[in-house]
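**Q** Quick note, the sequences are listed as chains A and B, same order.
Residue numbering for the first sequence follows numbering that gives the first Met the number 0, starting at 0 and increasing by one per position.
Residue numbering for the second sequence follows numbering that gives the first Met the number 0, starting at 0 and increasing by one per position.
Treat the hints with care, as some may be off.
[Said to hold, decoys possible] Restricting the straight-line Cα-Cα distance to at most 30 Å, the calculated cross-link-like pairs of lysine-lysine (DSS-like) are:
no.: 1; chain 1: B; residue 1: 113; chain 2: A; residue 2: 169
no.: 2; chain 1: B; residue 1: 27; chain 2: A; residue 2: 219
no.: 3; chain 1: A; residue 1: 219; chain 2: A; residue 2: 232
no.: 4; chain 1: A; residue 1: 232; chain 2: B; residue 2: 113
no.: 5; chain 1: B; residue 1: 113; chain 2: A; residue 2: 171
Please keep in mind that the hints were generated in silico from the structure rather than gathered at the bench.
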Amino acid sequence: MQKDFHYYATYCAAFLAGYDHEDSLAIAYSAQFVDDCSRSVLRRLKAPLNVASTQLNLELMEITTDILGIQDITRIWASFHFLPRDLYAQKEGCGKLYMDKYRLICGPNGELVKDTVTLAKKKSLQSVGIAMHVVADTWAHRNFAGTPSLVINNTDAHFFEILPDGTERKIKFRHSLSAPDDPENGLYTGSIYQSAENSIMNLGHGRAGHLPDYSFCRYKYLPAWNEYREMYKDNPSDYWNAFRQLIYAMKFLRGEYDEFHTDTYENKAVEGFEDEIRAILNKRQTESGSCADWKAFGEKLSGKEIPDYNENTYQDEYITANKDEKSDTFLGKFFEGTLAQKSMVTSRIFESGNLLAGYSVDPETGKLIRQMVKGGLKR
Amino acid sequence: MSKGQRIRRFIAGFVEIPLAIVMMLIPKLGYPLILIALSLGLTLRGARDLFYYFTLARHMVGGRRSFYTGILIFDLGLFTASLTTIPHIYILLYLIGIHAFGGLVGVLAALEEKRHGAAHWRLKLSGGIVNIFIALLCVIFIKSENTAIYIYCLGMIYSGVMRMVMACRKTAMVCIR
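Chain B extracted, bound-state conformation:
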């Protein structure tokens, strides 16, 4: 992980925690804030993946993966931006879906990285499983909107802490001369 990646990851984690707290305290303000941040993040990430695919990865063995993830994430970002005037319960459902999807992607990415022999795949796998578990809990308690929000926010705090921990972890260096 380069210094830039560490800083980006740390900031993302750092922003996620107060956002979760705001959402727990003032759900009405928290929802739009989360949606804006989520939409911006997803759209930019998707655009970056697509740019990477069209300029570089399309010529690479296995590079099509960044195209599919780019399209999906970009699309999700745009969709998130459109969710502003519907009842909170639907927004919550959508956020749960995103969480579950993020968890699934995390699990799949961890398994893929394990095949490539990447470090920390276990941490990524456990993060993915926890994400899916939180989404499930939210679905179970969805009738009690506040409980679901609290569970969701706890998941966000967990995710933020994980990002910050990952950013601070030592990266194993195996450089071959």
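Extracted from the complex, chain A is given alone in its bound form:
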């Protein structure tokens, strides 16, 4: 998912869940900032580097894909963008090396979704935004893993888009970042094929390009891990579920429900809006068009103007704050949220016997093990 859903649609969901305009904006900003909080940004802010929630292309280029590099990548991408569906999944006849990767495949309504939402309960609006980013991405990024792996994330030439009239069209992937996606002609940008198992090109849905990020897109393909079984992905339906699940989750976080249940969606709040929302989701357009549509819908809902997303909005506040006051700033609270989310997911992966995300922090003793020390908790 991109800015259209993480910022504008999340604003709409927050407003429909009962937050006021200002709080909805804070949640939406936080949800989108998860995609921008890289170590490059953190260095500029003089903030702790281990709260990073994403990695830029340039950072990924520099990283080595030895075990420590893979753990670093997995901690970030599995925690924020490819939340594993089932860390204890079973598959016949597979060894541990394979299962460690297979169990990191992302999907909605897993135990970790519940953990993520529950973690944000009674926390800051920033934590709510972070959780909404993670939950939304479980729908868009399902079937891909947040770790570099050819055997999980590769796709091949068998890739077809299902057009609105039901016909199928073979998708052509190209590898030029400067060429924009062209949905009308079925031309999309994807990462380059690399036969090395741990190549960074095999991270997440890189091989399938931005197709999982387009709400209008319906496609079928052969995931590397699915025993030659074709998989059908219906983004409009998944995004509709994601939107209703975000509202439900935020209603829970606001205290309307005592417990968060997976596979539960809010219907009442979207009554009267379903046609409008589905129309946005189904419209064949790239990010900019979708942003405009969601923005217009959000402004109609709240009657207030939604400012365009600006990554730098809260950065001056953080930079100029005294050392002791940094944690009370907007970004200070955001960083606490990302650290909590990363810690939680890393712990769960570690507890499942999987070391691909590295070692974990013992919450009882507060003992910091390896990766936290390496990243540096000091401000």
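Once you've looked at the hints, dock chain B against the given chain A.
**A** Just chain B now, kept in the frame of chain A:
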């Protein structure tokens, strides 16, 4: 390409060039040296591909390719190790075969990578074609053993330079967030 892959590729290319020069200057010493290096390289590469297949790739769509290449390369490695006491002409013939085979694999891999949309497939294709061409020249001049050796060594130098160039090339990054 990760840093580790770059370093490995560069070293392989760097070692290949002096080996070719040694073989041109002292053919008697060059042959066993090449055979040992070739045998070790092929056996380890084959074993690595087989390990990758049995632990990971056998569960993957299209993963059987690494099994076939692993078996072939491992077998070639073992066979190469056994070629120590036969006349040089046969060793040369075998090396020509390996070169031709390597060229063919290069061409096929380049075409496969083109289908997957990989970068630099043209470079790989041209490398494969040059390898096959060199093997053909060696066969044509095989009666003049020294000429064949020189041609073969020039091919090795070309291959070494190509490896080093590939290791130093910028890798295009298309990462999807």
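**Q** The structure should be examined with respect to each hint, and the outcome stated for every one.
**A** Now for the hints, and whether the structure bears them out:
1. At most 30 Å may separate the alpha-carbon atoms for a hinted pair to count; residue 113(B) and residue 169(A) meet this at roughly 16 Å.
2. As the CA atoms of residue 27(B) and residue 219(A) are separated by approximately 59 Å, the hinted pair breaks the 30 Å bound.
3. At most 30 Å may separate the alpha-carbon atoms for a hinted pair to count; residue 219(A) and residue 232(A) meet this at roughly 6 Å.
4. For the hint linking residue 232(A) to residue 113(B), the alpha-carbon distance of about 26 Å falls within 30 Å, and the restraint holds.
5. Of the pairs offered as hints, the one joining residue 113(B) and residue 171(A) holds, with about 12 Å between alpha carbons and a cut-off of 30 Å not exceeded.
The structure does not agree with numbered hint 2 stated previously, though it agrees with all others.
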